[in-house]
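Asks: As a plain string of letters, each chain reads:
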Amino acid sequence: MNPPLGSPEPRTYSEPMRPPQPAVGQSPQPVRQIAISVEGLNLWYGKNQALFDVSLGFPARSVTAIIGPSGCGKSTLLRTLNRMHEVTPGTRMTGRVRLFGDDLYRSGMDPTILRRRVGMIFQKSNPFPTLSVRENVLVGLRLNGVRDKEVLRERLEECLRMAALWDEVKDNLNRPGISLSGGQQQRLCIARAIAMRPEVLLMDEPSSALDPIATARIEELVHELKETFTIVIVTHNMQQAARVSDHTAFMYLGRLIEMGTTQKIFQRPEHRQTEEYITGRFG
Amino acid sequence: MPLPAEKTELEDSPIPVGKAASPWGNATFRSVALAAALVAVAILLLLVWQLVSDSLPTLRAFGLKLLASEDWNAGAEEYGALPFIYGTVVTSAIALVLAVPLSIFTAVYLTDLAPVWIRQPLVSLIEMLAAVPSVIWGLWGIFVLVPWLRTAVFPALRAVLGPIPGVGSLFSGPIFGLGYLSAGIIVAVMIVPIVTAVSREILRSVPNLQREAAYALGATRWEVTRIAVLSYARRGLLGAAVLGLGRALGETMAVTMVIGNSPQISASLFAPGYTLASVIANEFGEAGADRMYTSALFELGLILLVITVVVNVGALLLVRAATTKGGSRFA
Ligand SMILES: Nc1ncnc2c1ncn2[C@@H]1O[C@H](COP(=O)(O)OP(=O)(O)O)[C@@H](O)[C@H]1O
Ligand SMILES: [Mg+2]
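If you read the sequences in order, they're chains A and B.
Our numbering applies: residue 1 is where the first sequence begins, and numbers increase by one.
Our numbering applies: residue 1001 is where the second sequence begins, and numbers increase by one.
It is worth saying that the hints were derived from the structure and are not from the lab.
Predicted model only: the values in this text are computed from it and were never measured.
Glycine included, each C-beta is placed from N, C-alpha and C at the ideal position.
A few chain B residues facing chain A, derived, Cβ under 8 Å:
hint, residue
1, 1116
2, 1215
3, 1218
4, 1220
5, 1232
Working from the sequences, and respecting the hints, build out all of it.
Replies: This is the structure we're talking about:
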């Protein structure tokens, strides 16, 4: 089908997925490692500038929420973290993004390999309609040239379990992915993303198209997944941000207004605009 | 000055502007539209009836034997349709085999791969190809394409593919230039624009979210095309191909000019042949007042009409299902 694409740090696909080991000699109040750091980011769509000098860091193995009114650049910022914005013609970017210190935009960084390290979940679930539940989960591994039946079978169950979908689909893994309910489809997309064993998961309003019950399941899942992954979640639902995130970044008109622990942002915001937004006076 | 004047005109106009349309206007429009639709259906039915009634003499005399017989000799009252059906099917098949992959690739290039600035000029160019009259393609075929095929391409094909058992028989025997393969190639060139245009519409209807799903998994451009675009669009693309088949079956002028017009069935694609459309075009004048001869040609027309209507309706259904209902069709 596909030649193995090769990765700079070949991973073995047989070892089970487990949370990265905590660093040895941790202090009781661990200073979290920064998974992704963004420095002086500017981004243009053609002539329109969408991001202005954005700098922030996303702590590892925790959830960071990006909030802000519609059109403020949340999705755009998210898409610079796995270079997805490059898929849109006419974008231009300046600034730096580092993933565990590694410059994402250095020459020689292959975006297709980067995107396996930084997975993405979209606003609307997008399973491949011609593929079964099983094939949807495994499609990324197959692109990577993984053939071993045993490895694929193990990975399938592991990812569906992590995405809290296993019990609902295990009896019929061959049904089309799009025959699932909306919430199940979104969890299928999460399973598909984590099958690549990414280090970071980017979620762009992952539950905005779902009903409250399905939303609650996604939020629960986010909580569980942060044990293993660094999660960045865009949401325009402030209650959701408050519920699921450890840190929150507030954006307005293409700028980062402030970032801090979620508790601080929601209880003692430093900027007037943040306060007005979280108290619902605009947005 | 003109502004108030216009205003009064509007106010005085017999059709109320901005108010609910009068039930009269609505009813009139509906009956006109209905009548137009009925006229179209009536014309088609009349056409079929005419073809059937004019083929009655041969239908009565030979029944379905006409379909099964290979011999076409008006002088001896032998009217076998088989060489024409065979020629039509073979040239259309060649055209599809050549044109469909090329068209789909072109459409993929135009929607997903080409630099944005080059897309519109290329689309316009392809639309212009679609506007070239059939007879011009035929002339180009006779004076440019066929000589080149005869001297350069066919001998090479025969040398390479001829010795292979099985397929080899398709590429053996004498090379005339005019024949099935030349006709198939011309038809392929002629249907590429329409198949490309329809495929492009189909590919454009693939949601970007599907492409992004694949990109986010680390797919390369080609992999995105394969797992997100082509597989999503496969039914619609099948429809585009069938639409091309519909065109290929009925193509007359250019085919008549390059197929050799010889009512025989030969295994070799280099051999001259004949199609349903070509024989009708060529021999109607000759048939003149000969009732059986004319009737036989009408019957060939009936066969062609039935085949093309079935193929085109199938294509329409496929394309419409693919462009309107979105992903739900896979459920
Ligand atoms: N593909 C695009 N082409 C042009 N402009 C865009 C595109 N995507 C987003 N923008 C613009 O960039 C700004 C930020 O958009 P976005 O990041 O989608 O905001 P958010 O996700 O916060 O609602 C908006 O002004 C939007 O109009
Ligand atoms: Mg957005």
